[in-house]
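*Asks:* As given, the protein sequences belong to chains A and B, one line each in that order. For the first sequence, the residue numbers in the working numbering are 1 to 336. For the second sequence, the residue numbers in the working numbering are 1001 to 1253.
Worth flagging that the hints you see were computed from the coordinates, not collected in a lab. Fair warning: this is a prediction, and the values are worked out from it, not measured in the lab. Any given hint could turn out to be false.
As the list claims (entries may be wrong) - Subject to a maximum C-alpha distance of 27 Å in a straight line, what follows is the list of computed BS3-like cross-link-like pairs (lysine-lysine):
1. B/K1084 - A/K160
2. A/K160 - A/K140
3. B/K1246 - A/K151
4. A/K42 - B/K1246
5. B/K1084 - B/K1252
6. A/K320 - A/K42
7. A/K128 - B/K1246
8. A/K128 - A/K140
9. A/K238 - A/K320
10. A/K277 - A/K238
11. B/K1166 - B/K1084
12. A/K140 - A/K151
13. B/K1166 - B/K1246
14. B/K1252 - B/K1166
15. B/K1166 - A/K128
16. A/K147 - A/K248
17. A/K128 - B/K1252
18. B/K1252 - A/K160
19. A/K42 - B/K1252
20. A/K320 - A/K248
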Amino acid sequence: MTSNLEAPLRRAERDAERVVAPPIVSVENLSKTYASGFQALKHIDLEIRRGEIFALLGPNGAGKTTLISIICGLVNASEGRVLADGFDIERDYREARSRIGLVPQELTNEAFETVWATVSFSRGLFGKPPNPEHIERVLKSLALWDKRNNKLITLSGGMKRRVLIAKALSHEPRILFLDEPTAGVDVELRREMWEVVRGLRDSGVTIILTTHYIEEAEEMADRIGVINNGEIVLVEEKRELMRKLGSKQLTLHLLHPLGEIPEALIAYHLELAADGKELIYHYDASLALDCESGDDASGITALLGDLDAAGIHFKDLHTKQSSLEEIFVSLVRGRQ
Amino acid sequence: MNFYSVRAIYTFEMARTARTLLQSIVSPVISTSLYFVVFGAAIGSRITEIEGVSYGAFIVPGLIMLMLLTQSVSNASFGIFFPKFSGTIYELLSAPVSSFEIVLGYVGAAATKSILLGLIILATAGFFVPLQIAHPFWMLLFLVLTAVTFSLLGFIIGIWADGFEKLQLVPLLIITPLTFLGGSFYAIDMLPPFWQGVTLFNPVVYLVSGFRWSFYGISDVSLGASLTMILLFLALSLAVVSWIFKTGYRIKP
Ligand SMILES: Nc1ncnc2c1ncn2[C@@H]1O[C@H](COP(=O)(O)OP(=O)(O)O)[C@@H](O)[C@H]1O
Ligand SMILES: [Mg+2]
């Protein structure tokens, strides 16, 4: 009984802490113009909260990899600054980088190294003394322990990706960047990867992942930042984003099939489906019942009243939230 | 100084040598032996002595230099070119290491290999000709300075090269000709006066000359000139490397 209550409470506590604590990554006015003259990032401001999974969502070419690459030290910024756990990534690069792990988008590996050797190398490279127990823990948590003596060239794509994660975790970073962790990965492996990422978050690592799969952001993230054409379009709690931007759909399963929609209900733009057995109503979730005023701008209350008046009765109803896909499409379209 | 980082890079690079032992050690030893057979035996039977040193012995320092230069450049250039080419350089760039530590790891490993190789070739030469080292300390100093300097040059080439052709072009088109024309197989004063003058613009002449002096006490140019030249070269390479890291040339867009 108590355990049922404790979990959500702890979660709420953790959420509250996250909001109050200083951001673990803060990006200020960051711009990047490549040598070609192409401006890949335009005045980005972004704060990542401690312990969250943050999804950077955007189409190909939006600037996700560029942003991550600057934070991790692979690309020079043209303007602006970035703090990682309070340390400037340029001035205090040692402090900043020792807290960061990066799993790149491309699968790059030293083909003839063994799993164990390459992960141990990474730890050394990041300036940490050898710690075989830690490497063992990491490999076990990623289901790579059995493969520790295998050469990388013999591993499957999914395993290679996990080796890259193991390398990134070898030096016990507080912040982990995953650039398109599931691009080109089949459904099953994707689920597996999500489990791994959640496990990492639960161990206290802050995770920033990029993706162009909305489904992935929806599934994984605590917060979502949408990036397009080098600009952050919005940053929002996932739930909030769904609530704010999601149009909802109410389906009424009618008691008696309807031939056509009565005159009195025309204003609701209803849709008939399933041979007149279902009545569908689209409404804006952000306008749902306001408790204080008692107003219902979504129109549901009025609709139900009018249905009753028209003598239309229903035996069941359900509502469906629009997916991030739909939200995203409308967002990007709205800005063009 | 980040000891563990430098050690990680250094041991990784040395392990790469171990994996490619045949290519790294055996092939230079074989080609050196071939030089001895061809130059030492064939030409040595015509030119018996240069400044009191048998021709076979005379060419030993030059041969070691030839191998030292080409191997330093190719080892170091490949060592940094490959991660750049395969993309694994991302890890190096994201690590909390200074550019000095990166260079120390890569160039240190490449120079170590070259020095070992130089000593192996020296030992190989001992099978063919009687050796004599008049100034062992200077011999080692020249060996180390040359290995380090040309490993730095290799590192620069590895960063500059954006394809395998360029990677092989510099050793092939610049280093090898300069070494062959640098007095490895002859004394400079054996050339006509005009070419003697031209030769003095070849930096390798100073290296070979100084190195040969440490063996036999004979030289084409003064020891001071040799030492100045190599230190100048070292300083120049260091300057270019630090410029590369400051600007991110070819490694950081
Ligand atoms: N080195 C580079 N030089 C010039 N343009 C680049 C470079 N790298 C990326 N770009 C461009 O910057 C834009 C953003 O790229 P990227 O950050 O990789 O996007 P994403 O990861 O969101 O797909 C793209 O239009 C890409 O072509
Ligand atoms: Mg990308």
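*Asks:* Which of the stated hints cannot be reconciled with the structure, identified by number in ascending sequence?
*Replies:* Result: hints 3, 6, 10, 15 and 16 break, sorted rising.
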